[in-house]
Amino acid sequence: MDAYPKLRNGGGFELLKISGTTRSRHLIVIPCPNEGYYVRYLKDPQTQIGHSTVFIRPMQRTLNLDPACRSEGDNVLIGPNQKCVICGEEFPFSRIKDHSNNGMRPSQSSGEVQIELTTERASGSQVRFESTFTGAQGNETTRARNTRHLVPPQEMLPSPEVVDIDPTEESGFSDWRIAPDPTEAAKMFKEDILSQHATGKSLCLTMDLGDSAEEKERAVLTFYKKANVEWACPLTCTLKGDPAIGDGVTRHFFATIMSKLQAGFEMKFVPGGTLLFEEQDHLIPSTSHLLLESDFFVVAGRMIGYSFLHDGPCLGGLSPAVLHVLFGGSPEEATIYIKDCVDLDIRETIKLLEGTAELSSEEKKLINELALSWDLPLVTCDNRRWLFDKLILHAVLGRTSRQVKQLRRGLKETLIWPLLTERKDTIPLLSKSI
Numbered sequence: 001m002d003a004y005p006k007l008r009n010g011g012g013f014e015l016l017k018i019s020g021t022t023r024s025r026h027l028i029v030i031p032c033p034n035e036g037y038y039v040r041y042l043k044d045p046q047t048q049i050g051h052s053t054v055f056i057r058p059m060q061r062t063l064n065l066d067p068a069c070r071s072e073g074d075n076v077l078i079g080p081n082q083k084c085v086i087c088g089e090e091f092p093f094s095r096i097k098d099h100s101n102n103g104m105r106p107s108q109s110s111g112e113v114q115i116e117l118t119t120e121r122a123s124g125s126q127v128r129f130e131s132t133f134t135g136a137q138g139n140e141t142t143r144a145r146n147t148r149h150l151v152p153p154q155e156m157l158p159s160p161e162v163v164d165i166d167p168t169e170e171s172g173f174s175d176w177r178i179a180p181d182p183t184e185a186a187k188m189f190k191e192d193i194l195s196q197h198a199t200g201k202s203l204c205l206t207m208d209l210g211d212s213a214e215e216k217e218r219a220v221l222t223f224y225k226k227a228n229v230e231w232a233c234p235l236t237c238t239l240k241g242d243p244a245i246g247d248g249v250t251r252h253f254f255a256t257i258m259s260k261l262q263a264g265f266e267m268k269f270v271p272g273g274t275l276l277f278e279e280q281d282h283l284i285p286s287t288s289h290l291l292l293e294s295d296f297f298v299v300a301g302r303m304i305g306y307s308f309l310h311d312g313p314c315l316g317g318l319s320p321a322v323l324h325v326l327f328g329g330s331p332e333e334a335t336i337y338i339k340d341c342v343d344l345d346i347r348e349t350i351k352l353l354e355g356t357a358e359l360s361s362e363e364k365k366l367i368n369e370l371a372l373s374w375d376l377p378l379v380t381c382d383n384r385r386w387l388f389d390k391l392i393l394h395a396v397l398g399r400t401s402r403q404v405k406q407l408r409r410g411l412k413e414t415l416i417w418p419l420l421t422e423r424k425d426t427i428p429l430l431s432k433s434i
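Once you know that position 295 of the sequence shown is 295 in my numbering, the rest is easy, because the numbers rise by one and skip nothing.
Incorrect hints may appear among the rest.
[As the list claims (entries may be wrong)] Straight-line distance between alpha carbons at most 30 Å, and here's what the computed DSS-like set of lysine-lysine pairs gives: (1) K424 / K390; (2) K260 / K339; (3) K365 / K405; (4) K339 / K390; (5) K412 / K351; (6) K339 / K201; (7) K226 / K187; (8) K190 / K216; (9) K424 / K225; (10) K201 / K187; (11) K405 / K187; (12) K260 / K225; (13) K240 / K260; (14) K424 / K43; (15) K424 / K17; (16) K83 / K43; (17) K17 / K190; (18) K364 / K351; (19) K190 / K6; (20) K412 / K260; (21) K390 / K364; (22) K260 / K201; (23) K405 / K351; (24) K412 / K201; (25) K268 / K225; (26) K187 / K225; (27) K240 / K216; (28) K412 / K225; (29) K226 / K216; (30) K190 / K201; (31) K226 / K412; (32) K405 / K390; (33) K424 / K260; (34) K226 / K6; (35) K43 / K225; (36) K43 / K364; (37) K225 / K201; (38) K364 / K339; (39) K226 / K390; (40) K6 / K43.
Keep in mind the hints are simulated off the structure, nothing from the lab.
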């Protein structure tokens with residue numbers, strides 16, 4: 001309201017954004033939460049604004065948008081005087097260009113110019129077109145009105161050729177960008193990607209039913225650890241020891257893989273098993289240094305994207321804070337809950353800062369030790385709430401930032417990234433419950 005005081009008289013306002021493509025653009029209203037529009041809501045990926053221009057529209061009145069007239073005493077910026085190189089006179093900075101343009105066309109201010117265009121055809125006949133232009137007496141609009149064109153008779157012109165162009169062929173993925181339903185848009189996108197790579201080298205995923213659980217997991221991880229793979233190429237899944245073939249086998253593979261990704265692998269890369277995501281229903285990437293250095297989260301990103309590309313199950317329950325940062329949101333604007341902190345000791349220490357009750361010396365000691373380990377100041381009465389926000393931000397997103405980068409890299413390698421960034425309404429499809 002301070003920046004746009006006229007809105008105070010508009011009876012409230014609503015925000016709008018552009019939807020559609022260059023061929024069918026229109027404005028749609030951004031839903032308003034109960035507490036009104038605020039920055040964190042507008043930057044949330046679920047709002048699907050991104051870098052779009054936001055328009056403001058008053059709800060009850062039409063406001064006059066004409067700028068207020070300046071008084072003579074106002075300091076109007078007109079620039080310094082410039083000397084004309086033709087006549088030698090000085091003109092204001094804002095007028096010198098128009099003066100120079102008019103001065104460079106003296107021959108157009110008098111008389112008429114007649115242009116004769118002669119075209120020789122293969123038959124030897126000649127068609128002569130004469131166009132007479134009246135000289136300009138003002139700006140470009142005046143010259144356009146005074147222009148006279150003499151065109152050849154209609155029967156002398158070649159018949160125009162009518163070509164039917166399918167608008168869907170103008171650009172490769174135009175359909176999914178304008179599809180109103182996100183599920184339909186995702187389906188179109190995946191069909192386009194898979195059809196473009198249909199002639200590529202097939203990928204083979206094989207599992208022997210007679211192997212142990214760890215050997216089966218090793219076969220899956222070996223497949224997804226391959227480098228320089230075109231993940232949109234045709235996929236062939238084979239179960240040794242089972243005569244089943246076709247889509248049923250493929251669905252079984254992806255269901256098994258995504259279940260392992262969510263519940264953990266039995267292979268003990270770290271003590272207690274290999275769990276890439278911790279905490280059910282609000283999954284957070286593990287902070288294991290060994291898993292990070294082994295690029296396991298790149299593998300996880302490939303698994304998620306590859307299953308999505310082939311209509312397999314998704315990784316359900318990813319934390320909203322992780323999703324927000326994964327698709328370009330600022331960590332400071334993410335909505336983080338205390339349950340997102342998977343380390344119980346750290347969670348209990350941070351929870352001590354909640355409320356306004358006076359902290360005991362032992363509680364202050366625990367908080368200060370944690371704060372100092374993350375280069376944060378000691379707790380005081382004044383910075384208590386601020387320190388709570390900083391500690392939980394670092395505990396959830398600061399310690400997992402590299403893991404999120406690896407996830408993003410894996411998703412990009414499966415070629416689904418353009419869909420998720422240009423159609424943010426499809427992001428929930430990637431993390432819906434299995």
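Against the structure, the hints come out as follows:
For a cut-off of 30 Å, the pair hint linking K424 to K390 stands: about 28 Å separates their Cα positions. With a CA separation close to 22 Å, the supplied pair K260 and K339 stays within the 30 Å bound. Restraint check for K365 and K405: not satisfied, since their Cα atoms lie roughly 34 Å apart, outside the 30 Å limit. Note on K339 and K390: the hinted pairing holds, with a Cα-Cα distance of about 15 Å set against a maximum of 30 Å.
Restraint check: the Cα-Cα separation between K412 and K351 comes to about 37 Å, which exceeds 30 Å; the hinted pair is violated. The hinted pair formed by K339 and K201 fails the criterion: a straight-line CA distance of about 45 Å is larger than 30 Å. Using a Cα cut-off of 30 Å, the hinted pair K226 and K187 holds, with the two alpha carbons roughly 26 Å apart. For the hint pairing K190 with K216, the CA-to-CA distance comes to about 28 Å; that is within 30 Å, so the pair holds.
For a cut-off of 30 Å, the pair hint linking K424 to K225 stands: about 28 Å separates their Cα positions. Among the hinted pairs, K201 with K187 is consistent with the structure: their alpha-carbon atoms are about 23 Å apart, no more than 30 Å. For the given pair, K405 sits about 26 Å from K187 by alpha-carbon distance, which is consistent with the 30 Å threshold. In summary, the hint linking K260 to K225 is supported, as the alpha carbons are separated by about 16 Å, within the 30 Å threshold.
Distance hint between K240 and K260 is fulfilled; the C-alpha atoms sit about 20 Å from each other, no more than 30 Å. For a cut-off of 30 Å, the pair hint linking K424 to K43 stands: about 12 Å separates their Cα positions. Using a Cα cut-off of 30 Å, the hinted pair K424 and K17 holds, with the two alpha carbons roughly 14 Å apart. For the hint pairing K83 with K43, the CA-to-CA distance comes to about 50 Å; that exceeds 30 Å, so the pair is violated.
Taken as a hint, the K17 and K190 pair is honoured in the structure, with Cα atoms around 26 Å apart against an allowance of 30 Å. Of the pairs offered as hints, the one joining K364 and K351 holds, with about 12 Å between alpha carbons and a cut-off of 30 Å not exceeded. For the suggested pair K190 and K6, the alpha carbons sit about 47 Å apart, so the restraint of at most 30 Å is broken. As the CA atoms of K412 and K260 are separated by approximately 21 Å, the hinted pair is consistent with the 30 Å bound.
Taking the CA atoms of K390 and K364, the gap is near 16 Å; set against the 30 Å cutoff, the hint holds. With a C-alpha separation of about 27 Å, the suggested pair K260 and K201 falls inside the 30 Å cut-off, and the hint holds. Between K405 and K351, the direct Cα distance comes to roughly 28 Å. Compliance with the 30 Å bound is thereby established for this hinted pair. Of the supplied pair hints, the one linking K412 and K201 holds, its CA atoms being roughly 19 Å apart against a limit of 30 Å.
Between K268 and K225, the direct Cα distance comes to roughly 17 Å. Compliance with the 30 Å bound is thereby established for this hinted pair. A C-alpha spacing of about 27 Å is found between K187 and K225, which places the hinted pair at or below 30 Å, so the restraint holds. Restraint check for K240 and K216: the C-alpha separation of about 11 Å stays at or below 30 Å, so the hint holds. Note on K412 and K225: the hinted pairing holds, with a Cα-Cα distance of about 15 Å set against a maximum of 30 Å.
As the CA atoms of K226 and K216 are separated by approximately 16 Å, the hinted pair is consistent with the 30 Å bound. This hinted pair checks out: K190 and K201 have alpha carbons roughly 18 Å apart, not beyond 30 Å. Using a Cα cut-off of 30 Å, the hinted pair K226 and K412 holds, with the two alpha carbons roughly 15 Å apart. Using a Cα cut-off of 30 Å, the hinted pair K405 and K390 holds, with the two alpha carbons roughly 21 Å apart.
A distance of roughly 27 Å separates the Cα atoms of K424 and K260; the hinted pair therefore holds under the 30 Å criterion. Between K226 and K6 the alpha-carbon distance is near 60 Å, which puts this suggested pair outside the 30 Å criterion. Between the alpha carbons of K43 and K225 the distance comes to roughly 34 Å, so the proposed pair goes past 30 Å and is violated. Restraint check: the Cα-Cα separation between K43 and K364 comes to about 35 Å, which exceeds 30 Å; the hinted pair is violated.
Pair hint K225 plus K201 holds up; C-alpha atoms about 17 Å apart against a cutoff of 30 Å. For the suggested pair K364 and K339, the alpha carbons sit about 22 Å apart, so the restraint of at most 30 Å is met. Distance hint between K226 and K390 is unfulfilled; the C-alpha atoms sit about 38 Å from each other, more than 30 Å. A distance of roughly 25 Å separates the Cα atoms of K6 and K43; the hinted pair therefore holds under the 30 Å criterion.
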